[in-house]
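Which chain is which? The protein sequence lines are A and B, in order. Numbering-wise, the numbering used here puts 28 at position 21 of the first sequence, and it's gapless, one number per residue. Numbering-wise, the numbering used here puts 394 at position 387 of the second sequence, and it's gapless, one number per residue.
Hints listed in this document are in silico derivations from the structure and should not be mistaken for laboratory results. Some hints here could point you the wrong way.
[What the hints assert, rightly or not] Here are the simulated lysine to aspartate or glutamate pairs, EDC-like style, with alpha carbons at most 20 Å apart:
#	chain 1	residue 1	chain 2	residue 2
1	A	K340	B	E294
2	A	K310	A	E224
3	B	K310	B	E224
4	B	K340	A	E261
[As the list claims (entries may be wrong)] Residues from chain A that face chain B, not an exhaustive set, calculated with beta carbons under 8 Å:
#	residue
5	Q177
6	H270
7	G325
8	V341
9	R364
[To be verified] Distance windows between CB atoms, simulated:
#	chain 1	residue 1	chain 2	residue 2	range
10	B	E428	A	K286	49 to 59 Å
11	B	A413	A	R34	15 to 25 Å
12	B	L345	A	D79	42 to 52 Å
13	A	G444	B	P92	32 to 42 Å
14	B	A248	A	K286	44 to 54 Å
15	B	M417	A	R34	17 to 27 Å
16	B	A353	A	K286	42 to 52 Å
17	B	A353	A	R34	16 to 26 Å
Positions of the beta carbon are idealized from the N, C-alpha and C atoms, including for glycine.
Protein chains: 2
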Amino acid sequence: MSDASPVPALEYIFHPRSIAIAGVSTREGGTGMGGWAFVQSLMDVGFPGPIYLIHPTAHAIRGLRCYPRVTDIDDDVDYVISSVPARHVPGLLEDCIAKGVRVLHMFTAGFTETGDAEKAKMEQALVARAREAGVRIIGPNCMGLYVPASRLAMMQGQIAEAGHVGMVSQSGANAGEFVRYATSRGVRCSKVISFGNGSDLRAADFFDYLADDPGTETIVAYLEGIQDGPRLAQAIRKAGAAKPVAILKSGRTEAGGRAASSHTASLAGSLQIFDALCKQAGALRVESMEELVDAGVTFQFVKNLAGPNIAVVGGGGGTSVLAADDLDSVGLKVPPLLPETQEALARVTNDAGTSIRNPVDTMSMWEEKGFDATMRPLAEAPNIDAILYHTSFGMGPSGRAFGQRARSQMQAASLSRLQEEAGKPVIVAIRTPTDPGGFELSLEFQESCWRAGIATYPSIARAGWALAALLRWKAMRPA
Amino acid sequence: MSDASPVPALEYIFHPRSIAIAGVSTREGGTGMGGWAFVQSLMDVGFPGPIYLIHPTAHAIRGLRCYPRVTDIDDDVDYVISSVPARHVPGLLEDCIAKGVRVLHMFTAGFTETGDAEKAKMEQALVARAREAGVRIIGPNCMGLYVPASRLAMMQGQIAEAGHVGMVSQSGANAGEFVRYATSRGVRCSKVISFGNGSDLRAADFFDYLADDPGTETIVAYLEGIQDGPRLAQAIRKAGAAKPVAILKSGRTEAGGRAASSHTASLAGSLQIFDALCKQAGALRVESMEELVDAGVTFQFVKNLAGPNIAVVGGGGGTSVLAADDLDSVGLKVPPLLPETQEALARVTNDAGTSIRNPVDTMSMWEEKGFDATMRPLAEAPNIDAILYHTSFGMGPSGRAFGQRARSQMQAASLSRLQEEAGKPVIVAIRTPTDPGGFELSLEFQESCWRAGIATYPSIARAGWALAALLRWKAMRPA
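Take the sequences, apply the hints, and build the full model.
Rendered as structure tokens:
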């Protein structure tokens, strides 16, 4: 059936007008997962339709009216979230069918991933019945949807502002991690789907959908196993041809493969075959959540990277040496600056203990005019393809004393102007802070940067990885 | 001369009773480096002796009496910091000699590292004159000393609490980064030395000294170049035989080598040769500042690691799969738990959607009794050598709502008790927070852990790297 339904038909699953949730506990607190946490997330993100609770005995929970069964609701219900124990799901599904519900999101776990044959059979029977009746299942064993434009959220803290990065994720925790880290660096999402065991709708369906979705410009994915190998390969090829795609495939080791099997009943499959598929599809394969987030940031913000020649600018002689090592070791270049560029820099700085070669490490850039005057010759240098500015906040009380906040804003504005004028990427690495004051200043500078269209990274090494990955990705694409 | 002076004789350079600083500017503000920043750092850390300023014309700066020359001070001066331009250093040195100053720390740059032959000659002449007169030089082009027990600091924010990790660093920025990151994770330092160009005292002298220093239990180092190859090799072998040693050697790439030459006039040399030396010396060679900090944390906190078998515990199925991949790929093992261990875990948890295999991902551990009851069978498992617990703080407003703070303290106490009772390492990975509330909770948990003797890492991958590195290091040591 999933083969028979054309992809654009999936559009409706992302726009429910009303939601019912079964399995909310009447006791306060709890573990913060499932049940009420879904209600709270939907309320926080501003879901505009009614949220109905299904509970066998309670009349209301925290102010929300409860109904014994879905069929008792005197309104249309588009979408049901199941947080009940596995043994109650067949009954819930029957009620969904009777009610005309179109999508059942099963947070409920305890099926194929347990390794128990009876439970695997139960999952298969549920899917067969749902397909027969025209109900689509997301899950089981998953967090479902984060769709900011529809005000759907799977976890608390997920914001209503929509963007153009779509995600396909076999893990809810990892979908949440991606959203959390990427959001703080300015990435905004179109649709994020956690699909767990993928009993009905699965990775191939969502790649297909996101490839066609006009609201999605970039696709990232976290996969544990390969379901329907040929169909998934086809969907990844289609997505890769249409848009930038980055995929984190776990289970790449023996221990990881075993863990994937416990988690989502996934057969991890051969990493070599998957890697070959990605190369053929022009999709970037990454190896960690950090890389997946960095890829999302890079695809969204870094435009017009023409080559590997990077000018590195920032304070600290030793930091500069390590930066040069980090960039060189991933295949980038930190070329010596041309004489005319060095002369332009020498006009701004003449301090001992600084360098105007590349990496550039001058005192002048800490002063207002000096910053722009240091960056401009680099942006204009014909042998430089991108500028990487690195900084950090909060080394002791000096952080605030020297007017960091005003300087941050000035710097972000200057970097953005130069990126625009020079038509080459300007990116920023903000090294990890260690104290609360430094953390807040880092967060502010990060936001000033991404609001001005500048990509930010939490270390020089990660910024270097991202530019190198972007070049690798470009090299895989047809010219 | 540096060969002629026996190492323990260096002890005096770490205990000045009075300090004079030349080159403090009369204007407020400035770049935050050199001059007054040294004064402020010494005041902040509580240097107990007098600090004299040397200034050609000013009578006082910010309340501190100025003297035109070192020789005008009517008191003994043990240690002089030079922040004057390079051309004034020869005169300053003559005054130091006349005054009987024993150590000249030259923050002043602009010598050999410029690549200018005249300036290199000037540096050589300074060293020759200083040696002839018995004055030792630290630098030029460096930040000098952080010695908490003597209340010497090179940067603001450096604390007075002393510990047992010594550092040799060719870069002041990198010495500062090490101290900043390691301090926040509970590492405490004995002596940290930034020696820049190493014109007189250099890496070999400080390795020799720290190898003998009874206050130093672990040695970390950041090196850019190799000076006096055979003598440095000898000193590293001596240090490596005496204590755990970790070395970050930069200039490992073409671009890095060029940067090292600009920075401290270093000839980076062959990484292969240096790597062989480290292996022979039983010193751990690392490739980034992150790894150097992780090594410092690991040497200080992780005791009795008998083998590579790790139990991983924490929330998130996808996180668990990635954790297994991360650990397996650095050579650790995440073995399936024995039936009796799984049975013990099953008595605490019976939720669907969780795993008691390894990685362990259960809901029960979020409750007070469940945490200890989940960790204890792992600590007692005969096929497990260490426990890695991973967590994060501040995913949305839930962080505070569920009483994170009390739970953190309970968890740290439980982990510490288990580490003690089981006699095997228990370590913690706290994934990077993205909001200020999460940052503060992370910092608090981190502190609860290290105060309880538990090593903390900012990611599962870095925790895995550290344990694998510790095993590699142990394998290099004579049995």
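Outcome of the hint check:
1. A:K340 x B:E294: holds, 18 Å
2. A:K310 x A:E224: Distance of about 13 Å is within 20 Å: holds.
3. B:K310 x B:E224: holds, 13 Å
4. B:K340 x A:E261: Since the Cα atoms of K340 (chain B) and E261 (chain A) sit roughly 9 Å apart, the hinted pair holds (cutoff 20 Å).
5. Q177: holds, 7 Å
6. H270: Since chain B brings a Cβ to about 4 Å from H270 (chain A), closer than 8 Å, the hint holds.
7. G325: Hint on G325 (chain A): holds, closest Cβ of chain B at ~2 Å, below 8 Å.
8. V341: Holds - the Cβ of V341 (chain A) comes within 8 Å of chain B, reaching about 4 Å at its closest.
9. R364: Since the shortest Cβ distance to chain B is 5 Å, the answer is holds.
10. B:E428 x A:K286: 49 to 59 Å: Taking Cβ atoms as reference, E428 (chain B) and K286 (chain A) lie about 50 Å apart, which means the hint holds.
11. B:A413 x A:R34: 15 to 25 Å: holds, 19 Å
12. B:L345 x A:D79: 42 to 52 Å: holds, 48 Å
13. A:G444 x B:P92: 32 to 42 Å: holds, 33 Å
14. B:A248 x A:K286: 44 to 54 Å: The hinted range 44 to 54 Å holds for A248 (chain B) and K286 (chain A), with Cβ atoms some 48 Å apart.
15. B:M417 x A:R34: 17 to 27 Å: Because 21 Å falls inside the window, the suggested range holds.
16. B:A353 x A:K286: 42 to 52 Å: Given range 42 to 52 Å: holds, Cβ gap about 43 Å.
17. B:A353 x A:R34: 16 to 26 Å: 23 Å Cβ-Cβ, so the 16 to 26 Å window holds.
Checked against the numbered hints above, the structure breaks none of them.
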